[in-house]
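One line per chain: the protein sequences are A and B, in this order.
For the first sequence, the working numbering begins at 1 and goes up steadily by one.
For the second sequence, the working numbering begins at 1 and goes up steadily by one.
Rather than coming from a laboratory, the hints here were simulated on the basis of the structure.
You may find that some hints are simply not true.
Identical chains share a label here; the pair holds if one copy fits it or two copies do between them.
Below, simulated SDA-like cross-link-like pairs (lysine to any residue); rule was C-alpha separation at most 25 Å, straight line [claimed, not checked]:
1. Lys225 to Val111
2. Lys349 to Pro92
3. Lys110 to Met379
4. Lys109 to Tyr404
5. Lys75 to Asn4
6. Lys334 to Ser149
7. Lys110 to Leu97
8. Lys334 to Ile218
9. Lys109 to Asp91
10. Lys169 to Leu10
11. Lys349 to Ser267
12. Lys169 to Gly284
13. Lys234 to His331
14. Lys109 to Gly94
15. Lys51 to Asp91
16. Lys217 to Val196
17. Lys2 to Ala214
18. Lys7 to Gly192
19. Lys146 to Ala186
20. Lys334 to Trp308
21. Lys217 to Glu206
22. Lys110 to Asn347
23. Lys225 to His331
24. Lys217 to Arg184
25. Lys59 to Ala254
26. Lys349 to Ala26
27. Lys349 to Gly412
A quick note: this is a predicted structure, and the numbers were derived from the prediction, not measured.
2 protein chains.
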Amino acid sequence: MKNNLLKTALRARHAAPALSLLGTAAKNRALLAMARAVRAENDYLVSENKKDVAAARRKGLTQGLVHRLRLDEEKIAGIADSLERVAGLPDPVGRILETRKRPNGLVIKKVSVPIGVILIIYESRPNVTADCMALCLKSGNPVILKGGSEAISSNRALYRVLSAAARKKGIPEGAFEFIGTGDRGALKFLLGLNQVIDLVIPRGGEGLIRRVAAVSKIPVIKHFKGVCHVYVDKDADPGKSEDIVLNAKAQNPAVCNAMETLLVHESVAKKFLPGISGLLREKGVELRGCEKTRAIVPGVRPASEEDWGAEYLDLILSIRVVKDLEAAVGHIEKYGSRHSDAIVTENKKTAEAFTGAVDSACVFVNCSTRFNDGGEFGMGAEMGISTDKLHARGPMGLEELTSYKYVVLGNGQIRQ
Amino acid sequence: MKNNLLKTALRARHAAPALSLLGTAAKNRALLAMARAVRAENDYLVSENKKDVAAARRKGLTQGLVHRLRLDEEKIAGIADSLERVAGLPDPVGRILETRKRPNGLVIKKVSVPIGVILIIYESRPNVTADCMALCLKSGNPVILKGGSEAISSNRALYRVLSAAARKKGIPEGAFEFIGTGDRGALKFLLGLNQVIDLVIPRGGEGLIRRVAAVSKIPVIKHFKGVCHVYVDKDADPGKSEDIVLNAKAQNPAVCNAMETLLVHESVAKKFLPGISGLLREKGVELRGCEKTRAIVPGVRPASEEDWGAEYLDLILSIRVVKDLEAAVGHIEKYGSRHSDAIVTENKKTAEAFTGAVDSACVFVNCSTRFNDGGEFGMGAEMGISTDKLHARGPMGLEELTSYKYVVLGNGQIRQ
Chain A
1 MKNNLLKTAL
11 RARHAAPALS
21 LLGTAAKNRA
31 LLAMARAVRA
41 ENDYLVSENK
51 KDVAAARRKG
61 LTQGLVHRLR
71 LDEEKIAGIA
81 DSLERVAGLP
91 DPVGRILETR
101 KRPNGLVIKK
111 VSVPIGVILI
121 IYESRPNVTA
131 DCMALCLKSG
141 NPVILKGGSE
151 AISSNRALYR
161 VLSAAARKKG
171 IPEGAFEFIG
181 TGDRGALKFL
191 LGLNQVIDLV
201 IPRGGEGLIR
211 RVAAVSKIPV
221 IKHFKGVCHV
231 YVDKDADPGK
241 SEDIVLNAKA
251 QNPAVCNAME
261 TLLVHESVAK
271 KFLPGISGLL
281 REKGVELRGC
291 EKTRAIVPGV
301 RPASEEDWGA
311 EYLDLILSIR
321 VVKDLEAAVG
331 HIEKYGSRHS
341 DAIVTENKKT
351 AEAFTGAVDS
361 ACVFVNCSTR
371 FNDGGEFGMG
381 AEMGISTDKL
391 HARGPMGLEE
401 LTSYKYVVLG
411 NGQIRQ
Chain B
1 MKNNLLKTAL
11 RARHAAPALS
21 LLGTAAKNRA
31 LLAMARAVRA
41 ENDYLVSENK
51 KDVAAARRKG
61 LTQGLVHRLR
71 LDEEKIAGIA
81 DSLERVAGLP
91 DPVGRILETR
101 KRPNGLVIKK
111 VSVPIGVILI
121 IYESRPNVTA
131 DCMALCLKSG
141 NPVILKGGSE
151 AISSNRALYR
161 VLSAAARKKG
171 IPEGAFEFIG
181 TGDRGALKFL
191 LGLNQVIDLV
201 IPRGGEGLIR
211 RVAAVSKIPV
221 IKHFKGVCHV
231 YVDKDADPGK
241 SEDIVLNAKA
251 QNPAVCNAME
261 TLLVHESVAK
271 KFLPGISGLL
281 REKGVELRGC
291 EKTRAIVPGV
301 RPASEEDWGA
311 EYLDLILSIR
321 VVKDLEAAVG
331 HIEKYGSRHS
341 DAIVTENKKT
351 AEAFTGAVDS
361 ACVFVNCSTR
371 FNDGGEFGMG
381 AEMGISTDKL
391 HARGPMGLEE
401 LTSYKYVVLG
411 NGQIRQ
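Please model the complete structure; the sequences and the hints are all you need to start from.
Structure, rendered in structure tokens:
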């Protein structure tokens, strides 16, 4: 088993030099061929996906999970569209990030280059397979795909269709590698290959990500979870506050950039909380609150210490009335996950104080936390969202999949 | 012991928010006061340094190491100059790296911010203490200094003088922390504090860096060693080739960006090697070579397989005659350390093929590998040199000590 895993990783490693030198046109031709192949193989993909859906039903997975897993003609067309969209994005490799001319005549160019072999570990949605293959190809990085067992047939089918189409367009062997089965021992072995693999991106539940981060010898870019806040300031516009709170909580509660805790300035709590509580309850949201919240809104369950740090990923919201901006920032600092936090205020100074003090990947003013997303940021697609501070923070698109090298051009200069 | 280490690290952690919001003027005032304090305390610093020098002599350290350790009035003035130079550099925090306007009216700003608590582990030269304090203060990062035992008195004295001067100018407690003694257990404990410390930068011998990288739970930016190459191409200018080879090997052989292996195209080997060998030997360089080299230059010791991967850090050079550019690139790929590699050629296409194919932090054309240096790159000073591909590659100056956050400004936008 280990022998096969090592061979797989080495195939990716050996593809790296050729892939890094591949021209934009060659990469885009392959991406467009991959999109055509996905459309042409619709029936095959649907029939392979049915195996996963049937297995999920047998295992009793929730309706929501089964829905995420299922591939139909519309979703498959969406995958093809996404491949075409990546073909249309600018090539992130070979950008001149900076040019310095030195007094001694040296010209120092900082040039973007691929990172190298990327291992992506993900759960559930099969379209991640195609997105990651597209982003890694466009950024010149070999990718090793390790999807979840619940989507194994769909992922393998997509991998087969896409890699065959790419090979026909001259993409080197090893550009895409697929790891189908494998227990935790297999994952641990892979995560020890720091001589072969350059970066690991785990996507999925907090448990998976913590396991990966704990054992990996390879650098990991990740977010553990999204405990996101909206702070309604004393100078907030009431209409915007309602729209943003409802959207951040209820538009898609199962995702990492959904709000989990609402913070309200004490001077507007009595005015704001009754109305928003009614609207949230209409959407089916269960409310848990601090004592002050409970004194204002009847029927709110008391929030425990665990509630403040909880990533519900569900129609549940904790609410806290805070004394002022500082208390709101302090709460976010203590309980947040540095993912996505928003303030609603018409006061520019308060907004600036909030965005300066809140140490999160994305800080929002007068808009929903749900906008922390590569697509919404205009990156085309995303490889994941990072709450780390090194290399990439926030949504990871094509540029975040590159490193750089310095190319220094001289005319015989030597160091004095 | 562990309790004290944890307290030290937490003091740094707690200083991070205030330090990240410190204005440019406040940071520069402190840096200039630190420079004045170093000059004023010249005698104290020299007398504390004498303890280290005496201990080094007792231990029988080499002349070179004792020289690196010694602080005299000139070196102390150099430290003060360096502090002033960092005060004069642009503030790396709060730069707007990118602004995107989205069709829905959102304005997305990518803003540079400090990384957080930085642990620097270093050996030997006491001026590293001052450089790191200056760079971390200017970039808004609390720093924990862990210097080598051989410079303990000098480092502590510099730390005392500099941090007292900074405190008087309002720099918060915890901005600078110093870890004096401590065995490997202490280091391992520190490297496990990934909830408190954000980044580790080890500087020193390969053994130290490998130990740190092996046990650290905190992200590490590093280079293990510099096995640097100069490739003299068939289209090389002979005069430039001689200057660059001599400089890269002999100007300062003890440093990571010095050349360790010379590669020469076979079609110019007979012309080039005899002359350069004489010049290198005049500088005291011992030559080790492949069979072809030895057939051309008498008295060259045979190079073993270990020689090709060796970081001599000394007046020793291995020489290999190669068939062509591809063989040169292959040698560098196999034996190099991805640090600094140079080509000498007048052929633009060959130069481009070399800079494209060689996967090193800095690739040089017609100049010495010795230019891989923050000062030479115009960064003012450097925190270290990275051969990693994530976050920072090549010299690490002020900008490389920052991360970024996204600040998203809206007017009530919600996600559809």
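We went through each hint and held it up to the structure:
Within a single copy, Lys225 and Val111 get their C-alpha atoms only as close as 33 Å, which misses the 25 Å cut-off; across copies the closest is 23 Å, which meets it. Taking the shortest Cα distances, Lys349 and Pro92 sit within 25 Å of each other only across copies (23 Å), while inside one copy they are farther apart (36 Å). In this homomeric assembly, Lys110 and Met379 come within 25 Å of each other (Cα to Cα) both inside a single copy, at 22 Å, and across copies, at 13 Å. When the C-alpha separation of Lys109 and Tyr404 is checked against a cutoff of 25 Å, the pair qualifies both within a copy, at 10 Å, and between copies, at 22 Å.
For the identical chains of this complex, Lys75 and Asn4 are neighbours neither inside a copy (33 Å) nor across copies (56 Å), given an alpha-carbon limit of 25 Å. For the homomeric pair Lys334 and Ser149, neither the shortest alpha-carbon distance inside one copy (35 Å) nor that between copies (37 Å) is at most 25 Å. For the homomeric pair Lys110 and Leu97, the shortest alpha-carbon distances inside one copy (5 Å) and between copies (16 Å) are both at most 25 Å. In the homo-oligomer, the alpha carbons of Lys334 and Ile218 lie at most 25 Å apart only across protomers (21 Å), although the nearest pairing inside one protomer, at 29 Å, exceeds that limit.
Proximity of Lys109 and Asp91 under a CA criterion of 25 Å is satisfied in both settings, with 18 Å inside one chain copy and 22 Å between copies. Within a single copy, Lys169 and Leu10 get their C-alpha atoms as close as 22 Å, which meets the 25 Å cut-off; across copies the closest is 55 Å, which misses it. With identical chains, the CA atoms of Lys349 and Ser267 are at most 25 Å apart within one copy only, with a shortest distance of 18 Å there and 69 Å across copies. Taking the shortest alpha-carbon separations for Lys169 and Gly284, neither the intra-copy value of 50 Å nor the inter-copy value of 55 Å comes in at or below 25 Å.
Taking the closest pair of Cα atoms, Lys234 and His331 come within 25 Å of each other only inside a single copy of the chain (17 Å); across copies the shortest separation is 66 Å, beyond that limit. For the homomeric pair Lys109 and Gly94, the shortest alpha-carbon distances inside one copy (11 Å) and between copies (24 Å) are both at most 25 Å. For the homomeric pair Lys51 and Asp91, neither the shortest alpha-carbon distance inside one copy (37 Å) nor that between copies (57 Å) is at most 25 Å. Taking identical chains as interchangeable, the C-alpha atoms of Lys217 and Val196 lie at most 25 Å apart whether they share a chain (11 Å) or sit on different chains (20 Å).
Proximity of Lys2 and Ala214 under a CA criterion of 25 Å is satisfied in both settings, with 20 Å inside one chain copy and 21 Å between copies. Taking CA atoms no more than 25 Å apart as the test, Lys7 paired with Gly192 passes inside one copy only; the shortest distance there is 14 Å, against 32 Å between copies. Taking the shortest Cα distances, Lys146 and Ala186 sit within 25 Å of each other inside one copy (11 Å), while across copies they are farther apart (37 Å). When the C-alpha separation of Lys334 and Trp308 is checked against a cutoff of 25 Å, the pair qualifies only within one copy, where the shortest distance is 9 Å, while the shortest distance between copies is 52 Å.
In this assembly of identical chains, Lys217 and Glu206 lie within 25 Å of each other by CA distance both inside one copy and across copies; the values are 19 Å within and 18 Å between. In this assembly of identical chains, Lys110 and Asn347 lie within 25 Å of each other by CA distance solely across copies; the values are 21 Å between and 40 Å within a copy. Taking the closest pair of Cα atoms, Lys225 and His331 come within 25 Å of each other only inside a single copy of the chain (17 Å); across copies the shortest separation is 44 Å, beyond that limit. In this homomeric assembly, Lys217 and Arg184 come within 25 Å of each other (Cα to Cα) both inside a single copy, at 15 Å, and across copies, at 20 Å.
Taking the shortest Cα distances, Lys59 and Ala254 sit within 25 Å of each other inside one copy (20 Å), while across copies they are farther apart (63 Å). For the homomeric pair Lys349 and Ala26, the shortest alpha-carbon distance between copies (21 Å) is at most 25 Å, but the shortest distance inside one copy (50 Å) is not. For the identical chains of this complex, Lys349 and Gly412 are inter-copy neighbours only, at 18 Å across copies versus 54 Å inside a copy, given an alpha-carbon limit of 25 Å.
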